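Colleague: Letter by letter, the chains look like this.
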Amino acid sequence: MIEFILNPFGIVFAATFLVLMVLLFRWMFAVPPPLPMRVINVRSSVSSLNRILVPLVESVVSERAVELACRLATDRQSEIVLASVIVVPLSLSLGTPLPAVEERAIRALDTGEFIVKQHKLKCEKRIVRNRTAVEGILHLAQEIGADVVVMGAGIPQRRNFQEVSPTVSEVLRRAPMEVIVAKAPIPA
Amino acid sequence: MTLEIERDSLPFQPTAEKPAELRRDITVWGSYMWGYADVGADIYVALGLVIGASQGAAPLAFALAGLVYIMIGLAYTELASTYPVAGGGHYYTLRGLGDFFGFVSGVALLLDYTIDIALFAVASAGYLNFFTPIVFGGVNLRDVAITIGPFADVKWVWMLETLMLIAVLIALNVRGIRESSLVNELLGGMDILLEMSVVIFGFILAWNPELLVHQWVTQFPSLNQFMYGSSLAIISFVGLESISQAAQETRRPATIIPRTSIALIFTVFIFALGFSTVGLGILPWQDFKAHEGDPIAFLAQHIPLLGVLAGPFAAVLGGTILFISANTGVMGSSRLAFSMSQLKLVTGWLNHVNPRYHTPVRTILIFGGMGAFEAFFSFLTPSALDTLGNIYAFGATLGYTLVFISLIKLRFDDPYSPRPYKVPGNIRIVRKGRQVDFPVIGVIGMLGVSMILFEVVLTHEIGRIAGPAWVLLGVLYFVAYRKKSGLPIFGSIKHDWEKEQVEVLTKAEEYELVEQYKSALTRRDKENLRNGVHSDAKT
Numbered sequence: 315m316i317e318f319i320l321n322p323f324g325i326v327f328a329a330t331f332l333v334l335m336v337l338l339f340r341w342m343f344a345v346p347p348p349l350p351m352r353v354i355n356v357r358s359s360v361s362s363l364n365r366i367l368v369p370l371v372e373s374v375v376s377e378r379a380v381e382l383a384c385r386l387a388t389d390r391q392s393e394i395v396l397a398s399v400i401v402v403p404l405s406l407s408l409g410t411p412l413p414a415v416e417e418r419a420i421r422a423l424d425t426g427e428f429i430v431k432q433h434k435l436k437c438e439k440r441i442v443r444n445r446t447a448v449e450g451i452l453h454l455a456q457e458i459g460a461d462v463v464v465m466g467a468g469i470p471q472r473r474n475f476q477e478v479s480p481t482v483s484e485v486l487r488r489a490p491m492e493v494i495v496a497k498a499p500i501p502a
Numbered sequence: 428m429t430l431e432i433e434r435d436s437l438p439f440q441p442t443a444e445k446p447a448e449l450r451r452d453i454t455v456w457g458s459y460m461w462g463y464a465d466v467g468a469d470i471y472v473a474l475g476l477v478i479g480a481s482q483g484a485a486p487l488a489f490a491l492a493g494l495v496y497i498m499i500g501l502a503y504t505e506l507a508s509t510y511p512v513a514g515g516g517h518y519y520t521l522r523g524l525g526d527f528f529g530f531v532s533g534v535a536l537l538l539d540y541t542i543d544i545a546l547f548a549v550a551s552a553g554y555l556n557f558f559t560p561i562v563f564g565g566v567n568l569r570d571v572a573i574t575i576g577p578f579a580d581v582k583w584v585w586m587l588e589t590l591m592l593i594a595v596l597i598a599l600n601v602r603g604i605r606e607s608s609l610v611n612e613l614l615g616g617m618d619i620l621l622e623m624s625v626v627i628f629g630f631i632l633a634w635n636p637e638l639l640v641h642q643w644v645t646q647f648p649s650l651n652q653f654m655y656g657s658s659l660a661i662i663s664f665v666g667l668e669s670i671s672q673a674a675q676e677t678r679r680p681a682t683i684i685p686r687t688s689i690a691l692i693f694t695v696f697i698f699a700l701g702f703s704t705v706g707l708g709i710l711p712w713q714d715f716k717a718h719e720g721d722p723i724a725f726l727a728q729h730i731p732l733l734g735v736l737a738g739p740f741a742a743v744l745g746g747t748i749l750f751i752s753a754n755t756g757v758m759g760s761s762r763l764a765f766s767m768s769q770l771k772l773v774t775g776w777l778n779h780v781n782p783r784y785h786t787p788v789r790t791i792l793i794f795g796g797m798g799a800f801e802a803f804f805s806f807l808t809p810s811a812l813d814t815l816g817n818i819y820a821f822g823a824t825l826g827y828t829l830v831f832i833s834l835i836k837l838r839f840d841d842p843y844s845p846r847p848y849k850v851p852g853n854i855r856i857v858r859k860g861r862q863v864d865f866p867v868i869g870v871i872g873m874l875g876v877s878m879i880l881f882e883v884v885l886t887h888e889i890g891r892i893a894g895p896a897w898v899l900l901g902v903l904y905f906v907a908y909r910k911k912s913g914l915p916i917f918g919s920i921k922h923d924w925e926k927e928q929v930e931v932l933t934k935a936e937e938y939e940l941v942e943q944y945k946s947a948l949t950r951r952d953k954e955n956l957r958n959g960v961h962s963d964a965k966t
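Chains as they are written, first to last, in this note's numbering: chain A, 315 to 502; chain B, 428 to 966.
Everything labelled a hint here was simulated from the structure, so no lab data went into it. Wrong hints could be hidden among the right ones.
Claimed, not checked - Result set (DSSO-like, lysine-lysine): computed pairs, CA atoms no more than 30 Å apart in a straight line:
#1 B/Lys-921 to B/Lys-934
#2 B/Lys-859 to A/Lys-434
#3 B/Lys-859 to B/Lys-945
#4 B/Lys-934 to A/Lys-431
#5 B/Lys-859 to B/Lys-911
#6 A/Lys-431 to B/Lys-921
Unchecked claim - Not close to chain B: a few residues of chain A, all C-beta gaps over 12 Å, as computed:
#7 Leu-349
#8 Ser-358
#9 Pro-403
What the hints assert, rightly or not - Only part of the chain B face toward chain A is listed, based on derived beta-carbon distances under 8 Å:
#10 Met-623
#11 Ser-624
#12 Ile-631
#13 Trp-634
#14 Lys-771
#15 Arg-861
#16 Glu-939
#17 Glu-942
#18 Leu-948
#19 Arg-951
#20 Lys-953
Here the structure is a predicted model, which means the values were calculated and not measured. Even for Gly, the Cβ is constructed at its ideal location relative to N, Cα and C.
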């Protein structure tokens, strides 16, 4: 004769067992839908930004560009390279000390580094000397193998608000990699 | 019978140049059931054996083996979703440790597949004998025994039944069979419902915690006995290879395999704990030992209200599902031999496809025959199930140990392959300027499974001789084959793993992973270029 036993612990164990099994199967069947190929391409092109170059001058516009770059980098823990280009006039040799300009460049880089550290990302600071800002940026971008250049663009002083600075415009035109321009909003 | 003839679906095609691709049409439930048909059946065999060995401490034995098994399962999940190919453990070992250890792993798993055929055929016959006392006036044919020379108590009827079942499996596979997915999934579903019902109603209607505690306190086994029981408990979780075999035929394996395999791992773990806990709260362990041929049916029979129906139903279902599980041994050994021959670990002679039946008759006959021999041999020992379980545990633990080592090594050697699932608990370290996630749980799992391997060698009298002897014979064959073929014995044949990985992921329709992989390789190449490293390193 089989003995009939009703034990509260048994009921608790039975209920726990049932709940565990139901939760397990619910989780198993909740498979996310497949992504369309085009979405995958878009996602992968953005997520492959492993090294981001941010050219800096001492201005809020540049600092916004650093912040933007950090947000791009956060997902993949991409490396950010902060660079300041010291433009040396043709009348001087490339190595001529320009203390005031260099000081401004260092200040800009330090501010940029501070922003990057807030995001707990890796950052490298570079000061580059060149005859033009455009050449300095493009040369460095290729040298470090940047996947993207993030640049800040201020409000042009001229009447035509659609334009960006000649430096930004030239980098946009010639850079072999992706360029993202963080243009400051036009005041109302 | 759940098997239907369908020759075209086999992976072995008669074309000599290139085997046809395995189809990728397995759903989430199908993928889960593929594994469950193999692993889910283990408890039907293991419950009686483990309770018989670990007595009052059976739930602890299942829990300890289960914890190691969870770690093994997570390692397999990572590797199967990273490398969705049919090779399984031997492929991962070959990638991680080279050809020689890939072969050792493969030969250990081949041992398990042949034991799988024998063990599950024995167990299937055991469950079907549940009904013989009704037919033969209280006599269970399972217990009919004779003495043959030095071998006493040879259960010859059970042995004949087993050999007949194996012969049927060989014949069906030679003719070209495919398990009907629908019937297979339906049977698996019924089995899960039955097992859940036995555990739930067992707890509610018949479970006596005092009996469980009493057995724990008064009948706790000796350390040696417990080690034997806990190492035997690993057989209730063997069959994870099927997960990796399913990976090659599953759509979007990187997405689906982690879910189905994790669900499978925990289902089997919960069932093992549930059955041992509810079992020892209903019946004394000695009763399970006396019914090691059909423990689940015996337990189901003792549940009030349900027992009259649940007992016979569990016996029929157990017999059927164990028969299907034995068939996975035949199919698995053929597939494994095929994969090993493609990687030049065994002769291509095994790949031969019979022109009449379009099936790999040679492998079916060889490994099916080995299964039959092992079954015959096991009946000459005091307990056929125990002997087979012994050897099964050796093959599994050796194979799993190598898989764990490969998991750790591949994290270093191939950090570029996208891992849709990673074994949790990693420490990020930098090695040669590269970030590597060092798998702490992988190391713990490796130590755990090595400990079980040690227990097997220490306590399993037959397993410690038969298992290493099998591996040694395999190694001798490997040395002879490679020498004859002019291939390195301890070195490895060169492979373009990067190209193969892209092909595998593309065929798996895991396009996002293909993009990630290519992007990682480009990044590596850029880094190498920048550092002036000119390497043709193939991961």
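Colleague: Hint by hint, which ones does the structure fall short of?
Modeller: 4, 5, 6, 7, 8, 11, 14, 15, 18, 19
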